[in-house]
Amino acid sequence: MNAPLFLAGAAALLPLAIYGLAARRHLVSKLIALNIAASAVFLALLAGAPPAPEGAADPVPQALALTGIVISVSITAFALSLLRRLVDERGRVDLADGDDME
Amino acid sequence: MDAISLVVDVLLVGMTVLAALAAVASRDVFRAVAFFIVFGALMALIWLRLSAPDVALAEAAVGAGLTGVLMLETLGRIRRASDVEPVRERPRHPAFAAAGALALVGASAAAAAVAMVLERAPEGLAPLVAGTPGPMENPVTAVLLDFRGYDTLLEIAVLLLAVIATMALYPRGRPSPAATTPLTRGPERGMLLGWFVRMLLPVGILVAGYLWWQGADAPGGAFQGGTVLAAVLILMLVTAVVELPSPRWLVTRLALAVGLLAFLAVAAIGLWASGAPLDHPSFAAKPLILALEAVLTLAIAACLAALVVGVPHVPPRRPSRDGA
Numbered sequence: 182m183n184a185p186l187f188l189a190g191a192a193a194l195l196p197l198a199i200y201g202l203a204a205r206r207h208l209v210s211k212l213i214a215l216n217i218a219a220s221a222v223f224l225a226l227l228a229g230a231p232p233a234p235e236g237a238a239d240p241v242p243q244a245l246a247l248t249g250i251v252i253s254v255s256i257t258a259f260a261l262s263l264l265r266r267l268v269d270e271r272g273r274v275d276l277a278d279g280d281d282m283e
Numbered sequence: 090m091d092a093i094s095l096v097v098d099v100l101l102v103g104m105t106v107l108a109a110l111a112a113v114a115s116r117d118v119f120r121a122v123a124f125f126i127v128f129g130a131l132m133a134l135i136w137l138r139l140s141a142p143d144v145a146l147a148e149a150a151v152g153a154g155l156t157g158v159l160m161l162e163t164l165g166r167i168r169r170a171s172d173v174e175p176v177r178e179r180p181r182h183p184a185f186a187a188a189g190a191l192a193l194v195g196a197s198a199a200a201a202a203v204a205m206v207l208e209r210a211p212e213g214l215a216p217l218v219a220g221t222p223g224p225m226e227n228p229v230t231a232v233l234l235d236f237r238g239y240d241t242l243l244e245i246a247v248l249l250l251a252v253i254a255t256m257a258l259y260p261r262g263r264p265s266p267a268a269t270t271p272l273t274r275g276p277e278r279g280m281l282l283g284w285f286v287r288m289l290l291p292v293g294i295l296v297a298g299y300l301w302w303q304g305a306d307a308p309g310g311a312f313q314g315g316t317v318l319a320a321v322l323i324l325m326l327v328t329a330v331v332e333l334p335s336p337r338w339l340v341t342r343l344a345l346a347v348g349l350l351a352f353l354a355v356a357a358i359g360l361w362a363s364g365a366p367l368d369h370p371s372f373a374a375k376p377l378i379l380a381l382e383a384v385l386t387l388a389i390a391a392c393l394a395a396l397v398v399g400v401p402h403v404p405p406r407r408p409s410r411d412g413a
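Residue numbers (the numbering used here), protein chains in the order written: chain A, 182 to 283; chain B, 90 to 413.
Since the hints were derived computationally from the structure, they do not count as laboratory data.
For every residue, glycine included, the Cβ atom is placed at its ideal position computed from N, Cα and C.
Be aware that a few hints might be false.
Among the chain B residues that face chain A by a calculated CB cut under 10 angstroms, a handful are [said to hold, decoys possible]: (1) A114; (2) P142; (3) R166; (4) V194; (5) L243; (6) L281; (7) L282; (8) F285; (9) V286; (10) Q303; (11) D306; (12) A354; (13) A356; (14) L360; (15) S363.
Covered stretches of chain A (in silico footprint by chain B; criterion: 3 or more residues with CB under 8 angstroms from a CB of chain B, positions within the stretch not fixed) [what the hints assert, rightly or not]: (16) 186-196; (17) 203-214; (18) 221-227; (19) 244-253; (20) 262-270.
Construct all of the structure, not just a fragment, from the sequences and the given hints.
Written as structure tokens, this is what we have:
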């Protein structure tokens, strides 16, 4: 198992996702970035765990990642329903104020 | 063999990072979601390469499948809303953004380097989990429902909370089409689609039941089974094979809340039988956990379907059961 390779992948994904979270304006893009950041953290958790003797991954980080995936989808669903209200109330899909558009 | 697996892993990680890059950088949000779904599918393959099949199942079903559907569905509703201000995506201070990106990459590379240099423990928690006597053969299920029951209990609570919060966001009195219009229910659905969805229901129930039963000693479990069931439910609701249930019905509320209620009941049984909540009494541990997982499968399916399809808005003080 090439654990350092997967750790490097997590190290590439996390800054990419945080940058997207900060730089993108469209709220769905921000949510995509947030989900990628979560995946990067799970990847670091699992790739960073020492390999078990029989080859299967450590069950404790596996359970943590499983829980995290369900929490991620719950948060995403709630954020998307907030976004739908925002579209109805303000007619926009980002958080910019009126004066932000110059 | 090692060279081949190295090549496969390098390709896999490279493609995953590229898919994430495309999802984050794409100006067209619809394309971004499409790339995000590809990213989720590739992540599922990575979990398989890391010998974590339980996570792979959940990622394929929830991470790639349901999250993508949720986002596409919201984009569809936004597109239907007539006037949405276009988003200006250019960064206001490009130099500042570039410096921030560089700092992020540097910090992450440093953290990864430290993580790789640090000496690893020779063996993780796997021997401890395997060495602790418990009713479940599958170590992941054992951690989720036997050793770390609190985590799973709170996870179910968060899922239910997301459903309740989504319903609570429905405006009272004002029209709010994007928030309240249920997902398109085509009146023009053909005979074939209706037939296909009806045929799918028993297959979906069978697969969900298999995953639930399998979870005791092999990869699988309540979440994976619940997601499969949710997918079938969503198809049936969207194609109007079954009526969209009203949130006022007791059945609807029970279906959503039954997972948390059952979990609390199991916690209470543990408190009564052995003095600590969630400490399953040894004489009935396995049936108790299996029954709890069965209820969780149904409740998770109901909650996920409610999150995707939405619950129809019921105006206050005028209960109507026709679902129109």
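Contradicted hints - numbers only: Hints 6, 7, 8, 9, 10, 11, 12, 13, 14 and 15 not satisfied by this model.
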